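What follows is the residue order along each chain.
2 protein chains.
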Amino acid sequence: MTRRSYPVAHLPRLIHTDPGENDVDNSNTPPATKLTDAERVDWLRLIRSDNVGPRTFRSLMNHFGSAKAALARLPELARRGGAARGGRICSEDDAGAELAASTRLGVSLVAPDEAGYPPRLATLDDAPPLLGVRGAMETLMRPMIAIVGSRNASGAGLKFAGQLAHGLSEAGFVIASGLARGIDQAAHRFSIDGGTVAVLAGGHDRIYPPEHEDLLAQILASGAAISEMPLGHAPRARDFPRRNRLISGAALGVVVVEAAHRSGSLITARIAAEQGREVFAVPGSPLDPRAAGTNDLIKQGATLITEAADVIDAVQPIMERPIELREPDGNDRFNDRFKDPWDLDPDTGERARIVALLGPAPVSLDDLVRMAAASPATVRVVLLELELAGRLERHGGGMVSLI
Amino acid sequence: MTRRSYPVAHLPRLIHTDPGENDVDNSNTPPATKLTDAERVDWLRLIRSDNVGPRTFRSLMNHFGSAKAALARLPELARRGGAARGGRICSEDDAGAELAASTRLGVSLVAPDEAGYPPRLATLDDAPPLLGVRGAMETLMRPMIAIVGSRNASGAGLKFAGQLAHGLSEAGFVIASGLARGIDQAAHRFSIDGGTVAVLAGGHDRIYPPEHEDLLAQILASGAAISEMPLGHAPRARDFPRRNRLISGAALGVVVVEAAHRSGSLITARIAAEQGREVFAVPGSPLDPRAAGTNDLIKQGATLITEAADVIDAVQPIMERPIELREPDGNDRFNDRFKDPWDLDPDTGERARIVALLGPAPVSLDDLVRMAAASPATVRVVLLELELAGRLERHGGGMVSLI
Chain D
6 MTRRSYPVAH
16 LPRLIHTDPG
26 ENDVDNSNTP
36 PATKLTDAER
46 VDWLRLIRSD
56 NVGPRTFRSL
66 MNHFGSAKAA
76 LARLPELARR
86 GGAARGGRIC
96 SEDDAGAELA
106 ASTRLGVSLV
116 APDEAGYPPR
126 LATLDDAPPL
136 LGVRGAMETL
146 MRPMIAIVGS
156 RNASGAGLKF
166 AGQLAHGLSE
176 AGFVIASGLA
186 RGIDQAAHRF
196 SIDGGTVAVL
206 AGGHDRIYPP
216 EHEDLLAQIL
226 ASGAAISEMP
236 LGHAPRARDF
246 PRRNRLISGA
256 ALGVVVVEAA
266 HRSGSLITAR
276 IAAEQGREVF
286 AVPGSPLDPR
296 AAGTNDLIKQ
306 GATLITEAAD
316 VIDAVQPIME
326 RPIELREPDG
336 NDRFNDRFKD
346 PWDLDPDTGE
356 RARIVALLGP
366 APVSLDDLVR
376 MAAASPATVR
386 VVLLELELAG
396 RLERHGGGMV
406 SLI
Chain Z
6 MTRRSYPVAH
16 LPRLIHTDPG
26 ENDVDNSNTP
36 PATKLTDAER
46 VDWLRLIRSD
56 NVGPRTFRSL
66 MNHFGSAKAA
76 LARLPELARR
86 GGAARGGRIC
96 SEDDAGAELA
106 ASTRLGVSLV
116 APDEAGYPPR
126 LATLDDAPPL
136 LGVRGAMETL
146 MRPMIAIVGS
156 RNASGAGLKF
166 AGQLAHGLSE
176 AGFVIASGLA
186 RGIDQAAHRF
196 SIDGGTVAVL
206 AGGHDRIYPP
216 EHEDLLAQIL
226 ASGAAISEMP
236 LGHAPRARDF
246 PRRNRLISGA
256 ALGVVVVEAA
266 HRSGSLITAR
276 IAAEQGREVF
286 AVPGSPLDPR
296 AAGTNDLIKQ
306 GATLITEAAD
316 VIDAVQPIME
326 RPIELREPDG
336 NDRFNDRFKD
346 PWDLDPDTGE
356 RARIVALLGP
366 APVSLDDLVR
376 MAAASPATVR
386 VVLLELELAG
396 RLERHGGGMV
406 SLI
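The listed protein sequences correspond, in order, to chains D and Z.
By this note's numbering, the letter at position 156 of the first sequence is numbered 161, and the numbering carries on one by one without gaps.
By this note's numbering, the letter at position 143 of the second sequence is numbered 148, and the numbering carries on one by one without gaps.
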């Protein structure tokens, strides 16, 4: 398997690093700062611009070589992709203001492989290019277990979540959760001394639920909070599943304590499995609807656990291996072949052919290249254009679909 | 795999059958009676004699070719095995009296492959040579699921056991259980209409617990009760594990509903796994000690179930296959080689050599033959002698140990 340290491997000119640092460090030594101040502003502008999510960010970086170069090309690409007018581009002033406000709140915006960026989170295809990190940063570099579950948990569920969090914390694990009511709250509360991480769905200044401000203050003393959202962003319903990928992505595994059918915790479990994380579930009576989701998870292959030792036994072998990075997806594979692609302007016929092949069902880049009889570079550019025009969705494994 | 229809394959002269009937019948057509009245008396005398259990019975049948011939040799063999005086041999009168009393109570004593003998039970190495069967015999020929669990079950456990039994019963399965208080009682009660089977640890006239006489009467209307014990035998503690092998052995699989650590139901689950039966367990909260055993079973590989459909999905593929008989064990493998072994009288030196090799740890017949440098027939005879003297225990897979 190719080891990849996103996005450093693709930016040797811009990021101040030496080759040895590209190896992910499993020890607790904090990695050095890697972005310059100016780069950090460019990165922030790019990720805060319209229609640029983590995957598009990476695609643009791989394509144009720097955030600065990508920013310069955004309006033109969006127009070619069919946007009536280009999406809003985050200004240097706005990015500077966000950085300043973050600093005032004690939030650092860190890039993958920088100190405070959870090492396992950095391995995700859709890892946030900049993560807002607040509190005791070293907590984020330690092995983490996520504990999630129902907001309206039973007394037994809350008690068990607390026992488990305490047991794992005593064993040296950091507990990650979502700061919600119920199981999340119990998991944080019983692991505060050992360090716990609240993963937020909104900005660092928009804590949800508001009554957990006090809990967060306690967490930050020896733990941390992380968010990929800008300050001022109040979390909406759709932000929670997006946030959940960070909870599982940062952890070795996810324990689902209590979950009804079709609950948010099950989405976290599904994402965790897709990310290659261990999924653990706490069993319950078939007559208890709050255990329906966890029992289902076990039926589907999750590991049944009844105590902290069960979790530790399962993650121990994973911890002993170096962190495995994923195969580069389709986007990256085309990159090496084209060293100077940004002057490429597909002709109208090619662009129409590629767009016609796209639909709501995800299709792979490989298939598009083959079916459109176009060069990989051309397909890539057309997809970027569509993306920036808000017409394309990127999925895992190099799959794309039209919105 | 060799298909074997115990013990018919070894008794072609004595049992009135044609070769086609040796195939186990997966349909509901009741097999014909196969033992003559005289043979049934001999079989009953042999299995009711001291130191003759199901494995010894089979060993004797394989060795001497008939129960009658075995009975004639018992005293001599036991004496040679070191018994001060031979064990009690069941007289023809006693056997006749038991048969008559059984008939009066509506109990038939049936041999493997006869009508009323559960087809899957007949495949066990230690299948009872004669099974006391009472009630609606055809129930015993249908596919069975065993449901077992705690005597002091929770309300939820009892409710779930009832729901599950009802659901499986509606789907056409016969429910087997042990007529105990708690889970067993609920399982029987909610499957009475569809047919349920009480597997007894004592004789048919010694119902335990006594207050379940009424429940048994209801069961017998459209279901059945089975026992391998003689009439008048009041069940002792050690009879229950022995009985449990019949519960699991007759069934496609065993569902454990609620079980604490180290409970009897876990013994049934272990035996079921050894018998190659499916083991299902109902999950429960880690904080509920009555679920500790079932959660452990799931950790060890039992299938978590929360509804009847889970069980049905798992056993459907097994039902579609013909019933697979086990490999003959060590006892049988030696049989074909010796056509006239009963005049064999090992000399004192050989006997001493074989006995010296035996101890409390089980050893295989193969190893004994090799280490004693004796013929398989000689080893077999010595073991039979020891067995009848009450000095030998037979385990599965042709293993033996000294008591």
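The reader is advised that the hints may include incorrect statements.
Which copy is meant is left open, because identical chains are indistinguishable; a pair holds if it fits in one copy or across any two.
[Stated by the list, open to error] Straight-line alpha carbon distances no greater than 25 Å define the calculated SDA-like cross-link-like pairs of lysine to any residue that follow:
1) K304 with E175
2) K164 with G354
3) K304 with G101
4) K304 with I317
5) K304 with I94
6) K73 with G199
7) K164 with F69
8) K73 with M146
9) K304 with G177
Because the hints were derived from the structure by calculation, they are not lab data.
A quick note: this is a predicted structure, and the numbers were derived from the prediction, not measured.
Quick one: K304 to E175, C-alpha cut-off 25 Å, is that within a copy, between copies, both, or neither?
Only across copies: K304 and E175 sit 23 Å apart there, 30 Å inside one copy, limit 25 Å.
Status of G177 relative to K304 across identical chains (alpha carbons, at most 25 Å)
Close across copies (24 Å), not inside one copy (30 Å); limit 25 Å.
If the cutoff is 25 Å on CA atoms, where do K304 and I94 land: within, between, both or neither? Let me know, please.
neither (47 Å within a copy, 53 Å between copies)
Alpha-carbon proximity context of K304 and I317, limit 25 Å:
both (21 Å within a copy, 14 Å between copies)
Given a CA cutoff of 25 Å, do K164 and F69 count as a within-copy pair, a between-copy pair, both, or neither?
Answer is neither; intra-copy 52 Å and inter-copy 65 Å both fail.
Alpha-carbon proximity context of K164 and G354, limit 25 Å:
neither (63 Å within a copy, 68 Å between copies)
Within a copy, between copies, both or neither: where do K73 and M146 come within 25 Å Cα-Cα?
neither (29 Å within a copy, 78 Å between copies)
Given identical chains, is K73 near G199, meaning Cα to Cα at most 25 Å, within a copy, between copies, both, or neither?
neither (40 Å within a copy, 75 Å between copies)
First find the shortest C-alpha distance between K304 and G101 inside one copy, then the shortest across copies, and answer within, between, both or neither for a cut-off of 25 Å.
Close neither inside one copy (50 Å) nor across copies (53 Å); limit 25 Å.
Going down the numbered hints, you'll see the structure goes against 2, 3, 5, 6, 7 and 8, while the others check out.
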